[in-house]
Amino acid sequence: MRDGGKRALLAVRGVTKRFPVDDGEIEALARIDLAIDSGEFVCLIGASGCGKSTLLRIIAGFEEPTTGEVTTHGKTITGPGSDRGMVFQDYALFPWMTVHRNIGFGPRQRGLPRAEIAAIADEFVKLVGLERFADRYPNQLSGGMKQRVAIARVLANDANILLMDEPFGALDALTREQLQRELLQIWARTKVTVVFVTHSVEEAVLLSDRILVMSAGPGRIESDIAIDLPRPREVSSPEFNAVRRDVARRLTSHLAPRALELAGG
Amino acid sequence: MSEQVTALAEVTQQAAPEAPAVHRSRHLAEKARAIALGVGFPLLLVVLWDRAVAITGTRLVPSPHDVAVMMYDFSFGGVYDDAFSATILTHIWKSMTRVYGGFFLAALIGIPLGLMIGRIKLLRQLLDPTINLLRPIPVTAWLPLSMIFFGLGPNAAIFLVFLGAFYPILLNTIFGVRSVDPRLFEAAAMLGCQGSAMFREVVFPASLPAIFNGLRIAHGFAWILIVVGEMTGVPTGLGSVIMDGRTLSRTDLVVTGMIVIGMCGFITDRIIVMISNRVLSWSPQHHA
Numbered sequence: 001m002r003d004g005g006k007r008a009l010l011a012v013r014g015v016t017k018r019f020p021v022d023d024g025e026i027e028a029l030a031r032i033d034l035a036i037d038s039g040e041f042v043c044l045i046g047a048s049g050c051g052k053s054t055l056l057r058i059i060a061g062f063e064e065p066t067t068g069e070v071t072t073h074g075k076t077i078t079g080p081g082s083d084r085g086m087v088f089q090d091y092a093l094f095p096w097m098t099v100h101r102n103i104g105f106g107p108r109q110r111g112l113p114r115a116e117i118a119a120i121a122d123e124f125v126k127l128v129g130l131e132r133f134a135d136r137y138p139n140q141l142s143g144g145m146k147q148r149v150a151i152a153r154v155l156a157n158d159a160n161i162l163l164m165d166e167p168f169g170a171l172d173a174l175t176r177e178q179l180q181r182e183l184l185q186i187w188a189r190t191k192v193t194v195v196f197v198t199h200s201v202e203e204a205v206l207l208s209d210r211i212l213v214m215s216a217g218p219g220r221i222e223s224d225i226a227i228d229l230p231r232p233r234e235v236s237s238p239e240f241n242a243v244r245r246d247v248a249r250r251l252t253s254h255l256a257p258r259a260l261e262l263a264g265g
Numbered sequence: 266m267s268e269q270v271t272a273l274a275e276v277t278q279q280a281a282p283e284a285p286a287v288h289r290s291r292h293l294a295e296k297a298r299a300i301a302l303g304v305g306f307p308l309l310l311v312v313l314w315d316r317a318v319a320i321t322g323t324r325l326v327p328s329p330h331d332v333a334v335m336m337y338d339f340s341f342g343g344v345y346d347d348a349f350s351a352t353i354l355t356h357i358w359k360s361m362t363r364v365y366g367g368f369f370l371a372a373l374i375g376i377p378l379g380l381m382i383g384r385i386k387l388l389r390q391l392l393d394p395t396i397n398l399l400r401p402i403p404v405t406a407w408l409p410l411s412m413i414f415f416g417l418g419p420n421a422a423i424f425l426v427f428l429g430a431f432y433p434i435l436l437n438t439i440f441g442v443r444s445v446d447p448r449l450f451e452a453a454a455m456l457g458c459q460g461s462a463m464f465r466e467v468v469f470p471a472s473l474p475a476i477f478n479g480l481r482i483a484h485g486f487a488w489i490l491i492v493v494g495e496m497t498g499v500p501t502g503l504g505s506v507i508m509d510g511r512t513l514s515r516t517d518l519v520v521t522g523m524i525v526i527g528m529c530g531f532i533t534d535r536i537i538v539m540i541s542n543r544v545l546s547w548s549p550q551h552h553a
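Residue numbers (this note's numbering), protein chains in the order written: chain E, 1 to 265; chain Y, 266 to 553.
Hints may be right or wrong, so weigh each one.
One side of the interface only, derived from the structure: several residues of chain Y facing chain E at Cβ under 7 Å [stated by the list, open to error]:
1. LEU449
2. MET455
3. GLY457
4. GLY460
What the hints contain is simulated information worked out from the structure, not anything from laboratory work.
Ideal Cβ positions, reconstructed from N, Cα and C, are used throughout, including at glycine.
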């Protein structure tokens with residue numbers, strides 16, 4: 001899939017977003033154009049309020065763009081669809097369903113035979129290493145386990161684009177590192193395309209093939225940086241740090257003038 | 266990856282079986298104390314009642330002993346051998362058909378309607394003002410109209426119980442739907458869930474904690490309203506027993522009827538709590 005994927009799997013064309021507020025409108029996104037290839041791991045990074053989550057929610061189909069369109073496989077999206085699976089920061093698992101039933105939710109909606117649903121759920125429970133927790137309810141799980149279930153739930157539904165909105169932001173540092181490793185393994189194994197929103201430069205450099213740096217007021221993509229570091233990446237290596245410094249510098253160079261403007265105005 | 270996951274699993278599973286063993290005896294002592302206090306207080310009230318009747322020498326209020334005799338006769342007969350002797354089961358059964366007729370009808374209409382009002386804005390705008398206009402009207406005010414609609418008999422009683430049970434179920438269901446994390450709807454939509462499946466698979470189960478709250482409140486109202494409901498001229502039922510006792514100036518019968526209603530309401534409420542704890546086992550913070 002990744003070698004055949006020079007044609008863009010996901011394309012964002014001329015997308016803008018304005019939200020109505022009490023006295024007029026807020027321009028959340030200025031014109032965004034973006035093409036993502038099949039199998040790419042792309043991070044959206046930027047300060048809060050730069051519209052990175054809004055862009056992700058438009059790609060997911062939860063929000064409509066004010067102008068422009070998003071296409072997957074060349075077809076314009078009109079709403080949420082099972083080809084694009086969202087992993088939320090606060091998990092959004094169904095608390096009344098066991099791990100196994102949460103993961104089998106998508107296949108169940110497609111009306112597959114019972115045995116097949118169970119087989120798919122088993123397979124993806126195993127993929128995220130939660131065999132012994134299959135019959136637990138979400139509130140009996142740690143944050144890291146909940147996020148594994150959320151990832152398995154969208155993959156079990158044959159999503160080939162994984163949209164992740166600061167998925168590890170609520171986890172402690174150790175669990176976050178482990179889930180980052182697991183996500184990379186899953187990505188390598190399933191060849192899924194990932195669009196990952198984060199505000200951690202280190203996380204972005206560790207994970208992605210490509211980093212899109214966004215800036216606020218209105219939200220736009222400032223730089224598009226390819227990350228060519230070999231995998232697996234070592235956070236403490238000099239090469240990694242060089243790239244991290246570069247990305248951090250670009251991120252703050254967009255922030256600084258704005259901060260001065262605010263201070264001056 | 267899998268080694269670390271397994272390690273995590275073992276920590277959790279080892280901790281689990283030890284904890285209950287350590288806490289079991291303390292838990293039992295706590296439970297015994299709760300029961301002793303919960304049963305002791307009503308017994309104290311009975312003693313105070315007995316003393317108050319004895320000291321004032323009133324003949325208008327029956328003593329606990331009078332009521333106990335009446336209760337025995339109402340249950341098994343052999344003391345007064347009148348129209349009320351050994352009829353308790355008939356009256357309980359008749360009242361239950363009305364309480365649960367009204368209650369289940371209220372649930373059958375209130376829950377689906379509440380789910381739709383909570384989820385569909387148009388329906389909310391259409392119905393919300395009307396509901397809030399009708400809701401403050403006391404059930405007793407409906408008594409004359411209900412007798413015109415349904416005549417003298419059990420249907421009027423069922424209608425009144427239905428009215429009293431309907432609003433708590435409806436309002437709690439609407440509240441339940443409105444307070445579901447909107448992310449759950451988004452998550453379900455992206456997994457291919459839509460239309461009526463959304464109601465069945467997400468809206469309904471996510472609102473269950475609030476729905477059970479509503480059912481429990483409504484169930485209490487249903488028992489409260491049975492006396493009013495059976496004022497509509499039905500010959501049997503616990504409410505009609507109390508009305509008869511009033512007409513015959515037999516306060517021992519009135520109090521007996523009150524106690525039986527209290528017991529029925531209490532026991533059935535415990536059953537509802539048990540069902541609710543079972544159905545909501547995924548949500549420990551909702552255990553009552």
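Comparing the hints with the structure gives:
1. Because the smallest distance between the Cβ of LEU449 (chain Y) and any Cβ of chain E comes to about 6 Å, under 7 Å, the interface hint for this residue holds.
2. Interface restraint check: MET455 (chain Y) against chain E, minimum CB-CB distance 4 Å, threshold 7 Å, status holds.
3. Contact between GLY457 (chain Y) and chain E, as hinted, is supported at the beta carbon level, the nearest pair being about 4 Å apart and thus within 7 Å.
4. Nearest Cβ of chain E to the Cβ of GLY460 (chain Y): about 11 Å, over the 7 Å cut. The hint is violated.
Hint compliance for this structure: hint 4 alone is broken.
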